[in-house]
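**Q** Take a look at the letters that make up each chain.
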Amino acid sequence: MRITILHLVACLMFMLAFNVQPSMSQDDLPKALLHVNEKPDAPPSRKYYIEIETDTSLQSGIFHSLCQDTDDAVKCAKATRIGILSSKGVEVPSVGQSRDNDLFDNTLLIARDDANAAKRYRIYLSVGMEPFVDFEKKKYAIVLTNYVDAYDHAVVRVIPVGLSTLTRTLASDFPGCRRNEFAMTVDYDSQTSPQHLLDLYHYLDSLQNPDKLKQITIEVEPLSRKGTKTLTVKAVTVAPLKNSKGEDPVLRGFSKMWACFSTDGDVPTEKFDAKLTLPKDAPLDLVEPRVVTGLTALTAEPAADVFPQKEKAVGVRPIDKDLNIGVSLVSSVKDQQQPDKSFLRKRNTVGTLDLRLGFFRNIKRLKVKKVPDLLAECGPLGDYQKPTDKDPGSVTINNHPNLLAPGIVIADDDTIATFKGGEVCLYYRYVDDQDPARITNHSYNFAGDPNIQPYLTPYKAQPVTAGRYSIFTPFYIDAKVSTGNITSDTSSLNRVVLGAQEELRFYQNNHEFPTYYRLLFQFNHASDRDFKQREFYGTFKFNPVFAALNHPYDPTNVESETRHLCSTCKPPYKLLPFRYGYEFVPIIGADIGKTYYRHRPAEAIKPSDTVRRLYFGFDGTINPTPRISLTASEVFYVRGESKTDRYHNYFLGEFAYSLGRFSSARGANSFFFSFERGGQPPFDDPDVNVFKIGYRITATTIFSR
Amino acid sequence: MATAPQIRTFFHSQVNSDSPAKAAEAGDKWTAFPLSFFYSAEDSVDLAVNSTMLFVLQLDHAQLSNQQFTDLGNAINRSTIVSDAINTMATFSAAAQPI
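Residue numbers (numbering that gives the first Met the number 0), protein chains in the order written: chain A, 0 to 704; chain B, 0 to 98.
Chain A extracted, bound-state conformation (with noise of 0.2 Å):
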């Protein structure tokens, strides 16, 4: 049975977290309450209503000039209004005439209950207007602009809306469901009838008859994949539970009531909207909103590397933080070969030093190459509508609708006739002042600018955006010291390595995906902890990036798509990350540098070589899917320094591919090997010639919930 323990301790705690709430009074007053409009036979102009109840009787003059609900769906006739129906603070808008589908009449009606009172109003919403969807973020208000209580008081205010005393709402992170699992919560206060409460329930319950089950669907569209996926139910269990006697719950004891419907597929684990679609039978309170936007996804064990990155050594390490500075001290006890063999157990106290200081990191400059005469608009030419004299015209280049100043001729209509269809360019320099601004022949502020007419031309390759950026750090430290005696296990703690950098790229032009050419100078000058070997070493890179070659996998390089299960949200497009990726950089650099100061240092501190080295190779990264990454780096060295071994040349290949997730994307594991031969700088150990292997599993909370 799959109620289990489980399901009676979140009931109890349910019982615990949502008290009963206290009824209604008159002090809560007023209100105004969103509904779905339970009539059968309600045609779709009037599919949902808001309900008004104010605390004062307006004033008989006003309430009888208003007009009253009636079955037929019309437009008030009255000119007599008290309020307006808003959304973000702006009045929503009258669409349509009477009897028309998508009649909405921003108008507040007498409601047929109000027995003259004149406390309670009604007003209605067609369907097209999906007022449940995203409810919160349309943040409507009734504004009772022309309210005077019969007291001869006026009134005006702003009653948020709130939704009816019955909600149903969809969600994946229910506490009161398992993990996977979608919710169907009802929430209710105690205005709501026992009997009503008792029929949901009852129709909840006969959800896990199988025949119903069958007719259950959620659609779901995740907000970053393309389409959307339809899931079925397979079980449902229902809350609160009945008792030991199989009777039902005490449902005013609670406030909310759910079924927790386990699916055929998993939860996205990305932000998703879904429509639930229940069989025709269901109650229309269970029935709204049928689609429910930006769920949460289900949090899922990323992908992890097999081989963990080690940190880089002292002088290559990034500079990408102001100041980075880590102090410790570590005592331990540690067994020591004696002269005599034997061993005795010491304690060693080192104390570390980490620092990295970049001061005035990364100064960015850019320069644009040269600024343009004249902008243009270049693509295919769609439609065109010639500015008359009095009237502004436009022209639609490349799908978008360029606006013309009235009088502006950009060519005579026969070279217009000619061009349609095709590719051509719009030059212009000037646009007026005007909301939304048009296309014109002079400045819109200074008179004594030259008129330039804009024109149209078949297509032809206008000016690229070039330019030059260059990142500057003009001195940095990047140190590791340590206390104690410089050995050969420390060496590579004492070292001090200071430095500046000046980074130029040259842009060749500005497109998606740009062409341009990176060099890099560095100028570092390296020491152990106590400055008695002294070096220096610049270093020169450079690397062009063409844009035919580089189109890096990345998550943020994406393309659009409309949103299926709700094409009226904001926005209605969703971003699709490219799912492949591929990089091709070539590598030229050169390194030259050389000991000059050394006096007496510690043993374990080699002497450096002079270093004069070329090398070139590349740099390449191809991501056929997001799961797999291929990666290869060959760099071919010409040694200046050493004419016993000129040349050596480094071949990096790794491959790793994620095998996904598994048990409900509370797991991970991924597969990786890579193959390293060939020696690097400094060239003081032997080639490598390694062959790597390895799988790994991840999962946070595969054994908890």
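Derived by calculation from the structure, the hints in this document are not laboratory data. Please read all numbers here as calculations on a predicted model, not as lab measurements. A hint or two may mislead.
PhoX-like mimics (lysine-lysine), calculated; alpha carbons at most 20 Å apart, straight line [to be verified]:
(1) A:569 - B:28
(2) B:21 - A:225
(3) A:225 - A:569
(4) A:279 - A:233
(5) A:569 - A:138
(6) A:274 - A:233
If you anchor each label on the Cβ, the simulated ranges turn out as follows [unchecked claim]:
(7) A:127 - B:57: 43 to 49 Å
(8) A:625 - B:98: 49 to 55 Å
(9) B:74 - A:416: 42 to 48 Å
To give an idea of the chain A side of the interface with chain B (calculated C-beta under 7 Å), a few residues [as the list claims (entries may be wrong)]:
(10) 374
(11) 397
(12) 466
(13) 468
(14) 511
(15) 512
(16) 513
(17) 570
Glycine included, every Cβ here is placed at the ideal spot set by N, Cα and C.
Model the placement of chain B on the given structure of chain A, informed by the hints.
**A** Below, chain B without anything else, positioned relative to chain A:
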């Protein structure tokens, strides 16, 4: 000084020139998209914004200081929605020094 509607027209020409396929895909809703839809690198966004701003300043016979250009670059990045970027540029245009 240039207003947001004027800058919108100029900036569309910039985006359409830099990323014509994406500009066509966005159509007349282009201002609702983030700049990452049109540009794959932060540098490209800076270059596009600066280029348009320099054109606007040229028409306005005005200039921005280096610091203002740096602030403009910091205020707009790939996650900025185009309409917000245009409003930011209009703000900086209003603060430009006439020459």
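**Q** Decide, hint by hint, whether the structure agrees.
**A** Taking the hints in turn, this is what the structure says about them:
At roughly 11 Å between alpha-carbon atoms, residue 569 of chain A and residue 28 of chain B fall within 20 Å of each other, so this suggested pair holds. At most 20 Å may separate the alpha-carbon atoms for a hinted pair to count; residue 21 of chain B and residue 225 of chain A meet this at roughly 17 Å. With a C-alpha separation of about 18 Å, the suggested pair residue 225 of chain A and residue 569 of chain A falls inside the 20 Å cut-off, and the hint holds. This hinted pair checks out: residue 279 of chain A and residue 233 of chain A have alpha carbons roughly 18 Å apart, not beyond 20 Å.
Under the criterion of a C-alpha separation no larger than 20 Å, the hint pairing residue 569 of chain A with residue 138 of chain A is consistent with the structure, at around 14 Å. Proposed proximity of residue 274 of chain A and residue 233 of chain A is supported: the alpha carbons are some 17 Å apart, at most 20 Å. Range check, residue 127 of chain A to residue 57 of chain B: about 47 Å between beta-carbon atoms, so the 43 to 49 Å window is met. Between residue 625 of chain A and residue 98 of chain B the CB atoms are about 50 Å apart, so this pair conforms to the stated range of 49 to 55 Å.
Between residue 74 of chain B and residue 416 of chain A, the C-beta spacing of about 45 Å keeps the proposed range 42 to 48 Å intact. For residue 374 of chain A, the suggested interface contact is upheld, since its CB lies about 4 Å from the closest CB of chain B, less than 7 Å. A cut of 7 Å between beta carbons decides the hint on residue 397 of chain A: the least distance to chain B is about 5 Å, and the hint holds. Given the 7 Å rule on beta carbons, the hint for residue 466 of chain A holds: about 5 Å separates it from the nearest Cβ of chain B.
Residue-level restraint check for residue 468 of chain A holds (minimum Cβ-Cβ distance to chain B is 5 Å; threshold 7 Å). With 7 Å as the threshold, the beta carbon of residue 511 of chain A comes within range of chain B, its nearest partner Cβ sitting at about 4 Å, so the hint holds. Interface hint at residue 512 of chain A: satisfied, since its Cβ lies 5 Å from the closest Cβ of chain B, which is below the 7 Å cut-off. The beta carbon of residue 513 of chain A is positioned within 7 Å of a beta carbon in chain B (closest approach about 5 Å), and the interface hint is therefore held.
Checking residue 570 of chain A against chain B: minimum C-beta separation of about 5 Å stays under 7 Å; hint holds.
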